[in-house]
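*Asks:* If you use numbering that gives the first Met the number 0, the sequence shown corresponds to residues 0 to 440, in order.
In case anyone wonders, no lab produced these hints; they're calculated from the structure.
For glycine and all other residues, C-beta sits at the position ideal for the given N, C-alpha and C.
Any given hint could turn out to be false.
Stated by the list, open to error - In silico SDA-like links for lysine to any residue, alpha-carbon gap of 20 Å or less:
# : residue 1 : residue 2
1 : K42       : M6
2 : K223      : I141
3 : K257      : M247
4 : K99       : N327
5 : K217      : N133
6 : K42       : Q162
7 : K42       : Y170
8 : K257      : N367
9 : K42       : V8
Said to hold, decoys possible - Beta-carbon label-pair distances, calculated as ranges:
#  : residue 1 : residue 2 : range
10 : L64       : R316      : 43 to 51 Å
11 : M0        : V313      : 43 to 51 Å
12 : L44       : G374      : 44 to 52 Å
13 : D309      : L176      : 19 to 27 Å
14 : P319      : L87       : 18 to 26 Å
15 : R78       : S352      : 22 to 30 Å
16 : R112      : S352      : 18 to 26 Å
17 : W326      : G374      : 41 to 49 Å
18 : K223      : L67       : 33 to 41 Å
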Amino acid sequence: MIPYHLMLVAWIPISALLMMDKKPVRGFAIAMLAGMLLLPSGKSLILVGLPDLDKGNVAPLGVLLGTLAFHPNYVMRFRPRLADLIFLIVMAFMVMTSMKNGHGVYDGLSTARGFLFNFVLPVMLARIYCSTLNDLAYFLVIFSVAAAGYAFPALWEWRMSPQLHRTFYGYFPHTWLQFRRGAFFRPLVFFGHALPLGRFFAFAAFLTMLPLRAILAKHLPYGKWLFVAPLIGLIVSMSYGPYGLFAMLCGLYYVARKRLWLVYVIPVAAAIWMVLVLMGTQPMFGVVDQVHKLNPQRALSLEYRLEALDTYSVTIRQEPIFGYGGWNSARNELATDSAFLIWALTKGLVSASLLFGWWFLAMHSCVNVARRYGGTPLADLMLGIALLLGLSIAYSMIDDALDYHSMLLASAALGLEAVLRRGVPVPGGAAVARQGYAMSK
0 MIPYHLMLVA
10 WIPISALLMM
20 DKKPVRGFAI
30 AMLAGMLLLP
40 SGKSLILVGL
50 PDLDKGNVAP
60 LGVLLGTLAF
70 HPNYVMRFRP
80 RLADLIFLIV
90 MAFMVMTSMK
100 NGHGVYDGLS
110 TARGFLFNFV
120 LPVMLARIYC
130 STLNDLAYFL
140 VIFSVAAAGY
150 AFPALWEWRM
160 SPQLHRTFYG
170 YFPHTWLQFR
180 RGAFFRPLVF
190 FGHALPLGRF
200 FAFAAFLTML
210 PLRAILAKHL
220 PYGKWLFVAP
230 LIGLIVSMSY
240 GPYGLFAMLC
250 GLYYVARKRL
260 WLVYVIPVAA
270 AIWMVLVLMG
280 TQPMFGVVDQ
290 VHKLNPQRAL
300 SLEYRLEALD
310 TYSVTIRQEP
320 IFGYGGWNSA
330 RNELATDSAF
340 LIWALTKGLV
350 SASLLFGWWF
360 LAMHSCVNVA
370 RRYGGTPLAD
380 LMLGIALLLG
390 LSIAYSMIDD
400 ALDYHSMLLA
410 SAALGLEAVL
420 RRGVPVPGGA
430 AVARQGYAMS
440 K
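Work out the full structure: start from the sequences and follow the hints.
*Replies:* See below:
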């Protein structure tokens, strides 16, 4: 058994040393993805006067140190964007929310510091290391190989039960009752829950089957068949949400290649629905009856989530600007997994809208690049990422689908669009993109 706090601390120097790689994007990808896939979930190491160390920030901290030590010139690749102001405003609202609710400035600054290290820092690093076509493709190839390899422990846990996390770190990060499915089990490996693991496999299977398949076929032996492994991982995840995500990614991919405006439909419709919910209406309760005909158990789960949205929308309307400063100050007897709802309750509706606006801008950047370089590998990749971000935004109105890999890809899209807009002929930039399928031949 490995002490979880020792693993968290050790990953900082390990990530820094990985950045010694002569190909920096490779060191970045291995440090970030291995941290996501191997580090313990649900625990943090509390340090007085310093940010708490957890799974979300130890790899970025190590990569930052490695960048300053081995690739300081890469810092100059970062180009601020107007969208970055969103982060400053959100952190300012965190401080004001804390003061408004009587928790003091220090508590607000601590919350903002956590957001800085767990969200802003990895976002900025992804902008630095994945802002060219070649770098982004290289990152996605490593992502695909990692997902293919991760399918094997997931398959083992599907039959033998999710024990790897307990075996390696000595504790189980969730409620055991949620993982039994008949004679089998929902795998967990080193994720916090089966759902983000399933979404990880869903996007990897889609990516390796469609937009990245030609590039994988060129660069990896039997690369065009790599999708089989993450597809098996998706199947054994035994989670309906990831199944639906995969189906919608594949279906929309073919339709939206010639009708890019369709990428906006689902997230915009979800945003309009959330506005109606916050206004006191609930236009989705009729769907429960239809779902009940197909799967009564899922219908009950959906009804519970909708009731929570209905209840908490009243609470949000009572304190819409700054929120309640903490989940325990806002919750009632109902639970909710809605990322938008939780953020609005704890940090205010304005802050939640701004943060989700950033995700929407990242999706819009993907669509802009796909439109500009239609018919190229770059356009296919960016369309795939755009679909992932749009569906994640929509799904996060009732659950939390804004996963770690999605955050990195969203930031990479913003950085890549900025590079291509300037027309700088950097390796893997606009010059390569205009060569059509040069990368996949």
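*Asks:* State the violated hints by number, sorted upward, taking the hints as numbered earlier in the document.
*Replies:* Checked against the structure, no hint fails, so every one of them is satisfied.
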